[in-house]
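So you can see what is in the structure, the chains are spelled out below.
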Amino acid sequence: QKEVEQNSGPLSVPEGAIASLNCTYSDRGSQSFFWYRQYSGKSPELIMFIYSNGDKEDGRFTAQLNKASQYVSLLIRDSQPSDSATYLCAVTGFQKLVFGTGTRLLVSP
Amino acid sequence: DAGVIQSPRHEVTEMGQEVTLRCKPISGHNSLFWYRQTMMRGLELLIYFNNNVPIDDSGMPEDRFSAKMPNASFSTLKIQPSEPRDSAVYFCASSLSGGDQPQHFGDGTRLSIL
Numbered sequence: 001q002k003e004v005e006q007n008s009g010p011l012s013v014p015e016g017a018i019a020s021l022n023c024t025y026s027d028r029g030s031q032s033f034f035w036y037r038q039y040s041g042k043s044p045e046l047i048m049f050i051y052s053n054g055d056k057e058d059g060r061f062t063a064q065l066n067k068a069s070q071y072v073s074l075l076i077r078d079s080q081p082s083d084s085a086t087y088l089c090a091v092t093g094f095q096k097l098v099f100g101t102g103t104r105l106l107v108s109p
Numbered sequence: 110d111a112g113v114i115q116s117p118r119h120e121v122t123e124m125g126q127e128v129t130l131r132c133k134p135i136s137g138h139n140s141l142f143w144y145r146q147t148m149m150r151g152l153e154l155l156i157y158f159n160n161n162v163p164i165d166d167s168g169m170p171e172d173r174f175s176a177k178m179p180n181a182s183f184s185t186l187k188i189q190p191s192e193p194r195d196s197a198v199y200f201c202a203s204s205l206s207g208g209d210q211p212q213h214f215g216d217g218t219r220l221s222i223l
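Protein chains in written order, with the numbering used here: chain W, 1 to 109; chain A, 110 to 223.
Honestly, I wouldn't trust all of these hints.
What the hints assert, rightly or not - Simulated DEER-style distance windows between Cβ atoms: (1) Phe183(A) - Tyr39(W): 21 to 31 Å; (2) Arg60(W) - Thr147(A): 25 to 35 Å; (3) Asp55(W) - Phe183(A): 18 to 28 Å; (4) Pro193(A) - Glu3(W): 20 to 30 Å; (5) Arg28(W) - Asn139(A): 19 to 29 Å; (6) Ser175(A) - Glu57(W): 37 to 47 Å; (7) Ser12(W) - Asn180(A): 41 to 51 Å; (8) Pro109(W) - Val162(A): 43 to 53 Å; (9) Tyr39(W) - Ser196(A): 40 to 50 Å; (10) Glu15(W) - Val162(A): 43 to 53 Å.
Bear in mind the hints are in silico, worked out from the structure with no lab data behind them.
Glycine is no exception: its CB is placed at the ideal position from the N, C-alpha and C atoms.
I would like the entire structure built from these sequences, with the hints used as guidance.
Set out below in structure tokens:
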């Protein structure tokens, strides 16, 4: 079992819709959770982090964490074509981040 | 504010040559990470330093790979001798102390070994 799992996608949504990206992790001791966005040919860019159960909102982005079920999700409201990218989930384990392989999101105009 | 700075941005070299990648972390960040990204394996942590000291190098693939951090503002990742399977994008990232802090990535070095 991989430490951090994501559906590779692509996840296709129309412009203006809500995109929901999910991630599960195996280490129950994980305390910090991050979402990175990576455009093709570019470096990962931190967009959200969450440490506590529940929701955390930042503009159009909402991160949701459920430690009991060991999943973290990212919601993108009013999706735009510029949101088309690969979204990487990262989870702490033994003082380092473990990255999932990412979900490719495609937002069509 | 300057982000993480990596050089070179692109490197093309022949098999067997030595390759040196360089990284300058964000000022004030005490942790530095080297990653490798490929289509097949995704983003892999190679090694990370805390306060210039290597903490975990379990991701370094072989003895051909070595990394140093002589001071708080500079790190190198060296491959000697290089092989075609080392072709990948290599990222450096830095964070405040501790592996559980948000990491900020440099633009990466795209390495091609012919």
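A quick look at each hint next to the structure:
1. Phe183(A) - Tyr39(W): 21 to 31 Å: Holds: the Cβ-Cβ distance is about 28 Å, inside 21 to 31 Å.
2. Arg60(W) - Thr147(A): 25 to 35 Å: 31 Å, holds
3. Asp55(W) - Phe183(A): 18 to 28 Å: Violated: the Cβ-Cβ distance is about 40 Å, outside 18 to 28 Å.
4. Pro193(A) - Glu3(W): 20 to 30 Å: The hint (20 to 30 Å, Cβ to Cβ) holds, given that Pro193(A) and Glu3(W) are roughly 28 Å apart.
5. Arg28(W) - Asn139(A): 19 to 29 Å: With Cβ atoms ~28 Å apart, the hint holds.
6. Ser175(A) - Glu57(W): 37 to 47 Å: 44 Å Cβ-Cβ, so the 37 to 47 Å window holds.
7. Ser12(W) - Asn180(A): 41 to 51 Å: 47 Å, holds
8. Pro109(W) - Val162(A): 43 to 53 Å: Check passed, 50 Å falls within 43 to 53 Å.
9. Tyr39(W) - Ser196(A): 40 to 50 Å: Given range 40 to 50 Å: violated, Cβ gap about 21 Å.
10. Glu15(W) - Val162(A): 43 to 53 Å: 48 Å, holds
Of the hints listed earlier, those the structure fails to meet are numbers 3, 9, in rising order.
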